[in-house]
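Single-letter residue listing:
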Amino acid sequence: MWSGFPLRPDQASTIAEGYDHLFYFETLIAIFFALLIFSTIFFFAVKYRRRSPNDRPPDIEGSVALELAWSLIPAGLLGIMFFWASSLYFENSRPPTEALEVFVIGKQWMWHLQHAEGPREINELHVPVGRPIKLTMTSEDVIHDFFVPAFRVKHDVVPGQYYSIWFQATKTGKYHFFCAQYCGAHHASMIGWVYVMSEVDYEQWLTHAGPSGETVAQSGARLYQQLGCVTCHGTGRAPAFNGLYGKPVLLTTGETVTADEAYLRRSILEPSAQIVNGYGPIMPTFKGQVSEEGLLQLIAFIKSLGNEERNAGKP
Amino acid sequence: MSTAALEPSIETHVHYLNVNYGIKSWLLTTDHKRIALLYLGSITLMFVLGGAAAVLIRLHLIEPTGALVQPETYNKLFSMHGIIMVFFFLIPSIPATLGNFLVPLMVGARDLAFPRINLLSWYLYIIGALIVLGAIATGGIDTGWTFYTPFSSTYSHTHVVAAIMGIFLAGFSSILTGFNFIVTIHKMRAPGLTWFRMPLFLWAMYATSVIQILGTPVVAVTLSLVAVERLFHVGIFDPALGGDPILFQHLFWFYSHPAVYIMILPAMGVISELVTCFSKKRIFGYSFIAFSSIAIAVLGFLVWGHHMFVSGQSVYAGLVFSVLSFLVAIPSAIKVFNWTATLYKGSISYDAPMIYAMGFIGLFTMGGVTGLFLASLAVDVHVHDTYFVVAHFHYIMVGGAVMAYLGGIHFWWPKITGRLYPDKWARFAALVIFIGFNLTFFPQYMLGYLGMPRRYAVYPAEFQVLNVMSSAGASILGVGYLIPLVYLFWSMRYGPVAGPNPWGAKGLEWTTPSPPPTFNFETTPVVTEEAYAYASEEARVG
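Line by line, the protein sequences give chains A and B.
For the first sequence, numbering that gives the first Met the number 0 assigns the number 0 to the initial residue and increments by one for each residue that follows.
For the second sequence, numbering that gives the first Met the number 0 assigns the number 0 to the initial residue and increments by one for each residue that follows.
Hints should not be assumed to be uniformly reliable.
Coverage of chain B stretches by chain A, computed from C-beta distances (three or more under 8 Å per stretch; other residues unrestricted) [to be verified]:
no.	region
1	24-34
2	158-169
3	190-198
4	213-223
5	249-261
6	407-421
Over 12 Å on every C-beta distance to chain A, these chain B residues come out as not near it, computed from the model [unchecked claim]:
no.	residue
7	His12
8	Leu58
9	Thr145
10	Ser152
11	Ile245
12	Ile288
13	Leu326
14	Ala328
15	Leu342
16	Asp350
17	Met445
18	Tyr448
19	Arg454
20	Arg492
Below, in silico cross-link-like pairs of lysine-lysine (BS3-like), each with a Cα-Cα straight-line distance of 27 Å or less [to be verified]:
no.	chain 1	residue 1	chain 2	residue 2
21	A	Lys133	A	Lys173
22	A	Lys106	A	Lys133
23	A	Lys106	A	Lys46
24	A	Lys46	B	Lys23
25	A	Lys46	B	Lys344
26	B	Lys423	B	Lys344
Derived by calculation from the structure, the hints in this document are not laboratory data.
Computed from a predicted model, the values in this text were never measured in an experiment.
Even for Gly, the Cβ is constructed at its ideal location relative to N, Cα and C.
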């Protein structure tokens, strides 16, 4: 029971240290103001204790100068906290483009994780040290939340939507991840481990772990054939996918949207919601026919087409 | 204090308690003072029930694998604790008891503007409470007090709709109380009682009432929509039906963040009364405290997004809500500094209500400064939905609001019952509560920083030490809460007679006998001086 009594969680990601600096700064400010108030009250309570029922305290109305001082000085400190915290948050809000991608699906009460290279895991995540990892997350049922204390990352995992977080581990080892959003009976059992491995160990793990030997994009390509998408999207009756991902798309409404994960997902499940300019509303919905996993595979496939073309275009 | 020669005996005058007897005279009363006591009895019962759930929660968490119950039961326990404490204890606590009792007395009126609506609000509260208790007794609710969708609207198999109905009714009780207070404060102030002569408790009640009226309908509608989705499968929040789960959070927190101010603003009002009385001084910076209440009420409506920093709102929305959340810290800090400055050169006595008040300032300050961590975007990401948040809001809502509530009850107890309680016991209880509270909740800050998520029925072994510490503290806290229950009951019969103004306090409520007669004042009082005129000559009652 006394085996570990740490005062701070492991620092195992690139952002953990910077995050902790801000945390310590805020702790100091908090202690300073708490002590200031406590000691002043204590001092006054002793110094000005009632000595006689006939004490006649002076009649002090207040002081605008003091009011300004104790509004503006804290306001300045709050400003520092705001800018510091917001810039950290903002800097880390976008995953680096070269990140390894892992797809995460939360469901009551387990985590399904699949690496872009193919291997699937349940309640475990193996990643290489020193490489940015991007998690693209969604849920099959209720809202979950993916939280790795040692990496200082957390985000809700919301049904019907994709959210991404990223981290870059700095130390090999084994770190807890938790579901942090209450999700029903076994919420507290929806936990697992991130295994941070050296590059060599990771490569070895990867070769042993991939049962199908198929990447997520390849699974998506197979699904693309199976579901018959190819009959329209491959023939010009419907928009082609090459280089589509991340590009602006002009709709029949005149509106322009970005072809991101959310757009692609919606176009599969509710095809008539956002029709690409120049095409008819001929696509049937695939709601109920494609699993969350399948959707992620199809999206990964479409993304890979974009990448191939972009890579091919490079000199 | 009182002597038999100076004070009239309690039995010699007709007052609101002895004017008539019998259950009917209570259940059909329109006297704001009796309604306040009806509320006092009912919310005390709810506090005991919610507290019992907390005791079981803390016992269960002594073991990492859960010492007491199955996870499903644990989830029902924390849901019961949250729903009862938030909607049926904290929100009505000070407004419905002390507010009901004191607003007419403080403005110098015979009653509230709408006495029968006041009684109606208690009935709505009681019916709501009975529905929720019925739902708990017949199987419980497992959504937490936050009812997040789509879990609550589609996936939970418990009595969600019944709980929502109960909360809906209690919400209307809260709206009616707020409405009554606003009209009373506007229209029924005694001659000479201008806005800036009002006790700060009235300013606080006014600001609270505005939030109750503007915020509560939103949560009522939101929870009704959950019920509609649950019963009729209309897609509102569940993406499988075409709804948006994040929308629920926006609507829910639009009320439920201001709801925290429904709890803490009245508490702040109480503290202003206590600090002045027990230092025999006018409040430092009256208008700054008064306007900071209004500022908190207004800003409080604009910070709900800080509950959603990790739930998928945009980065830019996060920035805006972060700035506004920091801003709300300033009027809160102004109050703390002004209370502290009021003590300067005062004549400070350590009567029990003052001990509670000083406890409030300490715990509220700690809750406040830890709120800064949660307003900071990057920091919040790590501590969001962990025990850090649990500790933070307990420091505000229990360390703050409940401390002030108990302080207020002790301060006005002689007025309410005409009797004094044993002050030594009361000071002892205040100390036990203060210590027990810190032992319970300070370890939870550390747990949260280490990464323990909230609402966990079982947890990894590395979190056990701090959990055991917290549970040990909770046993002290629990005893602390029981002590006042005993001596306050005792004092109703055996306490010495208090007299009209045992503390030498200012304010119209102290100018009428204790307990007050049914219509409060024999003649309409006329106010000739500012609030807290402790420096004027006629204040020397002590």
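To see whether the hints hold, each was checked on the structure:
Counting residues of the region 24-34 of chain B whose CB falls under 8 Å from any CB of chain A gives 0; the rule of at least 3 is not met. Check on the region 158-169 of chain B: 0 of its residues sit with their Cβ under 8 Å from a Cβ of chain A, so the three-residue criterion for coverage is violated. Interface restraint, the region 190-198 of chain B with chain A: violated (0 residues with C-beta to C-beta distance below 8 Å; minimum three). Beta-carbon proximity to chain A at under 8 Å applies to 0 residues in the region 213-223 of chain B; the threshold of 3 is not reached and the given coverage is violated.
Coverage of the region 249-261 of chain B by chain A is violated [criterion: at least 3 residues with CB-CB distance below 8 Å; count 0]. Coverage of the region 407-421 of chain B by chain A is violated [criterion: at least 3 residues with CB-CB distance below 8 Å; count 0]. In this structure B/His12 is separated from chain A by more than 12 Å, as the shortest Cβ-Cβ distance comes to about 26 Å. Against the 12 Å criterion, B/Leu58 stays outside the reach of chain A, whose nearest CB is about 16 Å from its own CB.
Against the 12 Å criterion, B/Thr145 falls within the reach of chain A, whose nearest CB is about 8 Å from its own CB. With a closest Cβ-Cβ approach of about 10 Å to chain A, B/Ser152 is found to fall inside the 12 Å limit, against its non-interface label. Against chain A, the non-interface label of B/Ile245 is violated: not every CB pair exceeds 12 Å, the least being about 7 Å. With a least beta-carbon separation of about 9 Å from chain A, B/Ile288 fails to lie farther than 12 Å from that chain, contradicting its non-interface assignment.
Not every beta carbon of chain A lies more than 12 Å from that of B/Leu326, the smallest distance being close to 8 Å; the non-interface claim is violated. Not every CB of chain A lies more than 12 Å from the CB of B/Ala328, the least distance being 6 Å, so the non-interface label is violated. A cut-off of 12 Å between C-beta atoms contradicts the statement that B/Leu342 is not in contact with chain A; the least separation is 4 Å. Look at B/Asp350: its CB is around 10 Å from the nearest CB on chain A, not clear of 12 Å, so calling it non-interface is violated.
Once the 12 Å rule is applied to beta carbons, B/Met445 is inconsistent with being away from chain A; the minimum gap is 7 Å. Listed as a non-interface residue, B/Tyr448 fails to keep its Cβ farther than 12 Å from every Cβ of chain A; the least gap is roughly 7 Å. At roughly 4 Å, the least C-beta separation between B/Arg454 and chain A is not larger than 12 Å, which violates its mark as non-interface. Non-interface call for B/Arg492 relative to chain A: holds, since the shortest CB-CB distance, roughly 29 Å, exceeds 12 Å.
With a CA separation close to 18 Å, the supplied pair A/Lys133 and A/Lys173 stays within the 27 Å bound. The suggested pairing of A/Lys106 with A/Lys133 holds, with an alpha-carbon distance near 19 Å, which does not exceed 27 Å. Taken as a hint, the A/Lys106 and A/Lys46 pair is broken in the structure, with Cα atoms around 61 Å apart against an allowance of 27 Å. Under the criterion of a C-alpha separation no larger than 27 Å, the hint pairing A/Lys46 with B/Lys23 is inconsistent with the structure, at around 53 Å.
Restraint check for A/Lys46 and B/Lys344: the C-alpha separation of about 8 Å stays at or below 27 Å, so the hint holds. For the proposed pair B/Lys423 and B/Lys344, the alpha carbon gap of about 25 Å is at most 27 Å, so the pair holds.
Figure legend: structure checked against the earlier numbered hints; hints not met, in rising order: 1, 2, 3, 4, 5, 6, 9, 10, 11, 12, 13, 14, 15, 16, 17, 18, 19, 23, 24.
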